[in-house]
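Peer 1: Based on the hints, put chain V with the ligands in the right spot on chain B.
Note that the protein sequences, when read in sequence, are chains B and V.
Numbered according to this note's numbering, the first sequence spans residues -12 to 308.
Numbered according to this note's numbering, the second sequence spans residues 6 to 363.
None of these hints come from the bench; they were simulated from the model.
Accuracy of the hints is not assured; some may be wrong.
Chain V stretches covered by chain B per the calculated footprint, using a threshold of three residues with CB under 8 angstroms from any CB of chain B [as the list claims (entries may be wrong)]: (1) 118 to 132; (2) 151 to 164; (3) 191 to 205; (4) 355 to 362.
Quick reminder that beta carbons are idealized off the backbone N, C-alpha and C, glycines included.
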Amino acid sequence: MSITYLEAIREAQAKALAEDPRVYIYGQDVGRFGGAFKATKNLAEEYPGRVIDAPISEDAMIGTAIGAAIEGMRPIVEMQFADFSSIAFNQIINQAATHYWRTGVPCPFVVRLPSGGNEGSGPFHSQCMESLYSHYPGLVVLTPATVEDAYTMLLEALTIDDPVIYCEHKFLYYHLKADGLPNSSLPIGKARVARAGVHATLVTYSAMLHESLRAARELEQEGWDIEVVDLRSARPIDTDTILASVARTGRLLCVGESFPWGGLTAEVVARICAEGFHLLDAPPLRLNAKDTPIPYHPNLWRSHRPTSSSISATLRKLLRA
Amino acid sequence: MATRTAEAAAQDRTPVGGGNQEEGTPIPFQERYLKAYRSSILARQLEEKLASLYRAGKIVGGVYMGRGQESFSASLASCLDRERHDIFGPLIRDMAGRLAFGEPLLDAPRTYFGSAEGPMHGRDGNVHRGRPREGMPAMISHLGSMISVVCGMLLARKFRGQAGAVGASCIGDGGTSTGACHEALNLAGVEKLPLVLAVANNHYAYSTPCSRQYACGDLVERAAGYGFTGHSVDGTDLAACLEVFDRAVGAARAGEGPQMVVGSLLRLSGHGEHDDSSYITQEDRDAPYGRDCLRVARAQLLEKGWASESELERWDHEITDEVDAAIATAQKESGPDPLKESWHALATERLNEGFYDE
Ligand SMILES: Cc1ncc(C[n+]2csc(CCOP(=O)(O)OP(=O)(O)O)c2C)c(N)n1
Ligand SMILES: [Mg+2]
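Extracted from the complex, chain B is given alone in its bound form (with noise of 0.2 angstroms):
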């Protein structure tokens, strides 16, 4: 049986709600509709009154899963677009974030966020979020890259005690395909080695895995063996196995898809610069969006977000240096 990444996503969301009373999901056309993605497809039908339409209000749905949370429930939030969780972006930090650490009491709930874009998608549908919401305490934020980390990361979302923001790629819904789902993976925390190397370390995460994978067989034919590290979750960051990975290479690369200034990438740099110059044989670099809005036009979006020739380039650029 083949599987794509939106379906175990969806797959995902049957289990949940048929294990576990507390869970529901609220968001704009998931109920019968299925949602703009189709990624609660028939969930209205199997599990009534608990996929439920939402008016187009994400400050109050997150608002509403904040309060429903506080008092044992486990929402998920659906965003129609990742971008447009900036409405939600008060409730999100101010009021989910603190939380815990005000009260004492957990606010578990997850937030699913379809990230990143496609031809056409232009500036308001495509974004990734993941550098902006790791920036606050309080958050788990998840970027999962492959069917089965879409699967198992938002059944374990669930089961912790914590708000989660799931930044789940668009590019990746229909494109990436596994023959089954797991039973069990990695925990949500640990970064997984996706490919083994020598000469250089390339760190990414969500669909950048997959052109940063590319790009590292590119550099194959050109006698470079390139490790690939895919975080799985930007917050926490799974500091010891770069540092490890690191260790083996002397070089670092940082690939991500938001925009440049800060974020992920950068987090990840200084960490290795401040756990591990020892360990470096080069400046670390890294790669990101370009830095403007993200654009409309296949030309100008296919420049805009770093691609496979895009990271070549930059490792050859790092093994040169």
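Peer 2: Relative to the frame of chain B, chain V with the ligands by itself:
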């Protein structure tokens, strides 16, 4: 119980939200009135003490008073029933409501002093306190954002089949201008939640008069637009407030959908104790809504024969002793120790990154 007037007896026959109609007898109007009054006096005295401690430099940050709004706040909370899992979501000026709902008297001074024993353990201060597991969400500063939290708490009760619980959320005239308020009220209407929104229209938001806040004639006009039942009340009149909140809470409990109660009153203090509120006009101060609600309540108590002058005086003294004791206790307690603080924000210990851990 003191002698009962015909009026009070009549009140008893109206549906009583604060009572337990199926399982027991409704709480008599007089009893609720006295509870609301007592909570109001307690709040007034406690806040006055806190204000003078602030002026003496003993409290950091600020002190925010509900002076002039006690009757409105306390009467809402007096109509709620914690045994029925009701929720009270207070805001800045709801000390009286908090006390009437059952917030321990020590919570406020402990939070103002940042005591490690307080509900916020010194991590948050002043009005930003709560007991979320006991139906009292802990407000954040961002106005408008607590309403949807109460909606979510009600939704959880609905999922669990706990019918009959009511959730109250408080907001000011200024807070109604936020997008968050609009979203939450619209959502409450769509989900037909048993929400009671208490809008304390004190005619100012910090220094901003209502004319710069909204362009409709009266905020209660908005109720219909959200699918709420709207109620207006003189927020300085404790008896009137109790009647109206009783009706609103009863309607919400009976499944008649969300309710909005707009009270007209005046903030008889600065926005915070740092503010001399010189911008409040004489006209506002002289208006009917500028009356001191506690003086109104005292007159009502005497008129109804529910208390004598000497009883009122005795209550004042009793409350002074209670407040002094609470303040003395909280003031003696130590604040949190930064060296013992975990500096971890997640409940899931293994996922805390431990920046600067030893
Ligand atoms: C979203 C937001 N913006 C600004 C503030 C700063 N602020 C705190 S209280 C206040 C005035 C609130 O007025 P109102 O809602 O009428 O309540 P009142 O103080 O009169 O009780 C303002 C502007 C805030 N807390 N939240
Ligand atoms: Mg006001």
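Peer 1: Evaluate each hint against the coordinates.
Peer 2: The hints, checked one at a time:
no., hint, verdict
1, 118 to 132, "holds (count 5)"
2, 151 to 164, "holds (count 13)"
3, 191 to 205, "holds (count 3)"
4, 355 to 362, "holds (count 4)"
This entry satisfies every hint, going by the numbered hints stated previously.
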